[in-house]
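Positions in the first sequence are counted from 1; adding 1 to them yields the numbering used here.
Derived from the structure by calculation, the hints contain no laboratory data.
One or more hints might be untrue.
Here are the simulated DSS-like pairs of lysine-lysine, each with C-alpha atoms no more than 30 Å apart in a straight line [as the list claims (entries may be wrong)]:
hint, residue 1, residue 2
1, Lys152, Lys121
2, Lys432, Lys471
3, Lys869, Lys839
4, Lys515, Lys443
5, Lys999, Lys1025
6, Lys432, Lys515
7, Lys839, Lys672
8, Lys102, Lys841
9, Lys111, Lys152
10, Lys999, Lys1070
11, Lys240, Lys302
12, Lys455, Lys432
13, Lys839, Lys102
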Amino acid sequence: MQYQYNEIEKNWQKYWAENKTFAAEDNSVKPKFYVLDMFPYPSGAGLHVGHPLGYIASDVYARYKRLCGFNVLHPMGYDSFGLPAEQYAIQTGQHPAITTKTNIEGGTDKDGNVIPGYRKQLDKIGFSFDWDREVRTSDPNYYKWTQWIFKQLFNSWYNKDADKAEKIETLIEQFKTEGNSKVNAVADDVAVFSAADWNSWSEEEQQKMLLNYRIAYLSDTWVNWCPALGTVLANDEIKDGVSERGGHPVEQKLMRQWSMRITAYAERLLSGLDGLDWTDSIKDIQRNWIGKSVGASVEFKVQSSKFKVEELETSNPKPETIEVFTTRPDTIFGVSFMVLAPEHELVAKITTDAQKEKIAAYQKAASLKSERDRMSDVKTISGEFTGAYAIHPFTGDKVPVWIGDYVLASYGTGAVMAVPCGDQRDWDFAKHFNIEIKNIFKDKDISEAAYAEKDAVIANSDFLNDLPVKKASKLAIYEIEKRGFGKGKTQYKLRDAVFSRQRYWGEPFPVYYKGDVPYLVNSDEVIKLPEVEKYLPTEDGRPPLGNAKNWHWDENNNKIVSVPVGQEPPLGVWGLELNTMPGWAGSSWYFLRYMDPKNDNEFVAKEKVDYWKNVDLYIGGAEHVTGHLLYSRFWTKFLYDLGYIPFEEPFQKMINQGMIQGNSALVYNFKKWTGLVDDDKRPCFPLENFPDVYISKNVLDLFNRKEKDLTRISKEKIDEAFNYNEEVRKYRIKIINQLREIEKRYTKKYKEDIEISKEFLVQCSYDENFITSKKIDINYLDGDNLDIERVSKDSRFSFLKEGIFILEDGSLFEFNSSLSGRSGGAFIVGREVDKMSKSKYNVVTPTSTYELDKDGNKIQTSEGLVEKYGADTLRCYEMFLGPLEQHKPWDTQGITGVNGFLKKLWRLFHTGENESFYVDTTPPSGEKEGAELKSLHKTIKKVKEDIERFSFNTPVSTFMICVNELTALKCNKKAILQDLLIILSPYAPHIAEELWAKLGNTESITYAVFPKHNEEYLVESNHKYPVSFNGKMRFMLELPANMSKDDVEAAVMANEQTVKYLAGQTPKKVIVVPKKIVNFVV
RNA sequence: GCUCGAGUGGUGGAAUUGGUAGACACGCAAGACUUAAAAUCUUGUGUCCAUUAGGACGUAUGGGUUCAAGUCCCAUCUCGAGUACCA
C-alpha cells in the first residue's frame, strides 16, 4: 500500500477539527504552556513559504509539550485592521471588512481573482491551533476591549513616586487639596498651581490641565506626516526617511494628535529586558531605541551685546540662559564654545546685529536641507557665530555661542556645551572654525583627534583634577547642583508614541469633543466603525470618518446620533473623534484575549489570566522589535500597574525566525546608449525604440571573463563549452561583432525612419562592459532555463518581445525576426537571493495548486508543495532547511529527500505481502532487537534534547538516521515503531496519526506520552578510539569501553600500527581520554 | 561611523562541554530494474598528489594558547541586521 499523503492529511485534519483535538482547557491540573505566533495581517496575496516557518516551529513545540503532559494554549487570529485593505477599498469602493473576510476565509476579489484564504491555507499544513479562540482585531467584539483599554489609559497618570500608573482620580484629589506642587508625575511641562487655583477653574480649564498628565493624551505635536498616505506615521513606521509601506516621503508637521506617554515607562522597559529570554541582539535594538543617557543638565548664562558681564546678576530683564544636556559633566572645564541647533528659539534673541545676516542665511540654508540630506551629509562641517558669548558657570570665562546643524533641535535641549578635546564632532568643528581646544586630559594627545575614551584622568579642571572619569562626573554633578546651575539628569531617546491615524480602517476612539476638549463616551457599548461612502479624506481635509453620517454623540442619551452636514448639533450632542487608532493598538494585547476570547464583560477574566499568565514561547520575526514588541510590553506593564493582570512582561521567551528569502531570477542585458544628438548635443531620439540585447547567464560569465581569470574556472568547463581555451577570446569577439551588427541595423533603420533636417550624428550602441539586469517571475523557469516565449506573453514582461536574445549556444533569437523559432539553445537566468516579495516576482507558496493556462496547458503557477509532497513533508522540510533564526534562500530541490524519508518510514510498517500493513507484535528480544532499541533510544534522547534547546532542524536528520538504521535492520517490531511515531508526531502529525491508528490505537496520538530514553540500551561495550600522533588522526582502534586509562595506553602501544607510526621513537607523552581519544606526542 | 550577528564541500547544513571536521539531505557520477520514462534500489562523491597502498592540504585571512582549535584569545577582511551628527 502506497503512502497516500493527500488523503491521509485531509482525513486527519477533518478528524482534529471535528473532535476539537487541540482545544486548550482553562482549568486543568496539568501545568500550562502558552505558545504564541506572530499575529498575521491577512493580506490578499496569502501565505508564501516564509510565513509558515515560524508557525511550523511553534507547532512542533506545542505538540511536543502536549506529549510531555502540558496543557497547551496555542491560538491563532488576525491583525485585521490595516492599510492594504483600505487602499484596496479606496481603489475599488469595496468595504475593507469584506476584503478582509475574503482574505481570511477565501473567495474571489472584485476582479474575479481567486483568494485562497488564510485559514484554508493554514489548515492544509496541519497546525494544532485551538481555533475556537480565534480573534480578529477588526471584530467589534474585540475592539470593544481595545477601546476599553484606551479609556483606562486616558483615565490614568504616571506617578513617579510610586513608579507606576495610577487612576486619574488620585491626581484630581491631590489637585483639589494641594495643587500640583507636590505631584511627581511624568507629564508635560506645566506651571505650578495651587488647590485654590484648581478649584476656581472651569471644567474646561481643569480638563485641559489633566491632558498634560493623562497617559493617553491629546496635544499639538510634531508628527511624521506622510502626504501620499494621507496619515501620520510612528517613528518605527519610517525607514530611511520614507514610509516603510510604499516608500513615500515623510515630512514634519505640527498636528493635534493622540499620543501615548510610553516615555513614562522608559526605565522599566529598559530594566525589564534583563529578565527576558530574548537574544542579546533583540534586547540591544530595544535598548538602543530607548536610548538612555545619564548625565547632567547645565545652564549657561548668555552675555550678549545687551548685557555686560558685571551686570549679569543684577540686570533686568534677566539674561537668557542656554540649557544643555551632557553625558560628560566631568569635562565641563574643557568647554571652549557652545553650539545651538539652527532652529533653537534663543538664536533670534541673542544674535548680535553684526551677525544677524549671516545667521539668518545659515538658518535658511539649514531649513532647506531635508532630513535625508542632513543624514547623508555627515562630513561637511558648517556653522555660524551668533556674536553672543555665554559665561562658563565655573570659570566665568567668555564662551562663544555658535549655531550648527550637527546639533539637533529635537534631541535634548537642542544645545550642546562643546568639549573639543573629548568629542570628535566638537573637535572637528573647533578645528574647522579655529576655536580654542583645551586639553583637560592628563597625558593624552589631542593634537590629531579628540580623546573620547572614558579611561582618562582629568586635568586643568580646578576641583576635578586627578580624578578618573566616573568620580569626576559625580563630583561635577554635586558641585553643579550645589551652586544651583543645573542638576543630574537621565535622558531617553524614546519619544511618546503618536496614536492617531487619519484613516478609516482602524479602531474608532470612544471620544467626543466639546469644543477642543476630549471626553470619553459614557457607555460600555462598543463604538462601532461607521459606514462611509468614500474612504478618502473629506474635501476640507478631515479624516475619512468626516464622511460618516452617523457620527455624533448624544451626551444625554449616551448613544451615537446623526447630525446632517451643515447643521448645528442640538444641545448635548457633540462630534465624535474622526481619527482612528494605529495598527499596534489591537496587536498590543491580543495575547491576553486568546485566554478568554468570548468574554462580553471583561477584556479577560481574572481567573483565566491568573492561570495562563504570560506567553512562555513566542516565535516571530525580528522586524517588529521597535514597534509591536515594545508597545505590547508598554501596555502589559500598564495593565499590570492597574492590577488587571499578574505579570509585567508579555513574552518570556522569544525566538526570532529568520526570513525565508526568495531566489529571484535575473535576465541580463547590455546597457544601451543612443548617440543620436541634435545641434545642442542633446540626445533627442527615444531610447526605447532600440531593442535590448539579453544574454544568457553562462555565456555572459564567459564573455565577462578576462583572459587572466580563465585559470580560475576549471579547464574542462571552458573546453566543454567552447572546445578550446583560445576559442574564448574569439567568442568574445563574436558576441561583440553581433552587437555591432545589431547596432548597424538599427542605426540604419533610424536614419530611414526619421526625417533628417539637420546634421545628426547617428549612433546606437551597446556597452559591452556595462551589464544591467531585470527581474523575471520565477514561475517561467525550468531550473534556471527561462521559457522566453511564455514569459513574454505575460503583460508584466511583454517588453521582452522587443528584445534580442543571445542564447546559451551563442546564437541569436528574436521574436520579430523572419527566422522564426529558436535554434534550441537555452536561455539561462542569473540568480540573486532576495527578500521574498511579489514585487520581486520570487514568491513561492506552500499550498497553491496547478492551474491551466489559456491554451489548456498544465502550468505550475507556483510550486504546489503541499499538493505535490504533502504537508508532513513540507513541515519537515522547512525545519530541515537550517536553524530557525537564520535567513536562508528557499530552494525546493532538497524536498525530495525529506519526502523519501517519510516514504521509507511508511515502508517500515508495510512489510507484509504486496506491501500490505504488517508489524511484529512480539516484544523485542535478542541481539537484533538490541540494535533496534539502541537506535530508537538514541533517537529519543537526541530529539528531546534538540527540541528543548529549540534546535528544530537537527531532529529531522536524527529521524532520518533512525529510519535508515531500522530499514537496514529490517525492523518491524510494533514496540519500536510505536515509540518512533510518538516522537515524530510533532513534525509529521498526519502520517503519525495514520500509522498510530493502524497499530490499533483508538485515541489521537496528540496526547500520547513522549517516551523516556533508557540509558541501558545506549551503553556501548566497545569504543572506537581514534589514535592520533601530534594531533593527526592516523587510525581507529576498537577497545572495550570500560577499559582503564592505563590499559588503553598499553593496548594502543602494543598495536602494530602504533609501532609503525612511532617509527622507533619513544613518545614524549601519551594522552588518553577514556571513551574519547588517544594522542601521542612524539 | 557605532552596536550586534555570521563566514565550514558544488548546495542547505551537522559537529551541544576544546577530543575522529563535513553527520543528514540535495546535486552530480556509475550501475540495477524497465521497450522507455517516472518511481525505486545499490555504489561513489572535501581538494590535490598517487594505479593501489597511502600521503599532503583543508572550517574567511594572518598570528597565538593547547597534547589537541570550526570551537578559546588577538588582529584583519567580507557579508548581513539595527542605528545614525543622541551631546
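Checked hints:
As the CA atoms of Lys152 and Lys121 are separated by approximately 36 Å, the hinted pair breaks the 30 Å bound. Straight-line distance between C-alpha atoms of Lys432 and Lys471 comes to about 28 Å, which keeps the hinted pair within the 30 Å bound. The straight-line distance between the Cα atoms of Lys869 and Lys839 is roughly 23 Å, inside the 30 Å bound, and the hint therefore holds. Of the supplied pair hints, the one linking Lys515 and Lys443 is violated, its CA atoms being roughly 64 Å apart against a limit of 30 Å.
The hinted pair formed by Lys999 and Lys1025 fails the criterion: a straight-line CA distance of about 40 Å is larger than 30 Å. At roughly 57 Å between alpha-carbon atoms, Lys432 and Lys515 are farther apart than 30 Å, so this suggested pair is violated. For the proposed pair Lys839 and Lys672, the alpha carbon gap of about 26 Å is at most 30 Å, so the pair holds. Restraint check for Lys102 and Lys841: the C-alpha separation of about 27 Å stays at or below 30 Å, so the hint holds.
At most 30 Å may separate the alpha-carbon atoms for a hinted pair to count; Lys111 and Lys152 exceed this at roughly 38 Å. Taking the CA atoms of Lys999 and Lys1070, the gap is near 60 Å; set against the 30 Å cutoff, the hint is violated. With a C-alpha separation of about 39 Å, the suggested pairing of Lys240 with Lys302 is violated against the 30 Å cut-off. Our distance criterion of 30 Å between C-alpha atoms is met by Lys455 and Lys432, whose separation comes to about 22 Å.
With a C-alpha separation of about 21 Å, the suggested pair Lys839 and Lys102 falls inside the 30 Å cut-off, and the hint holds.
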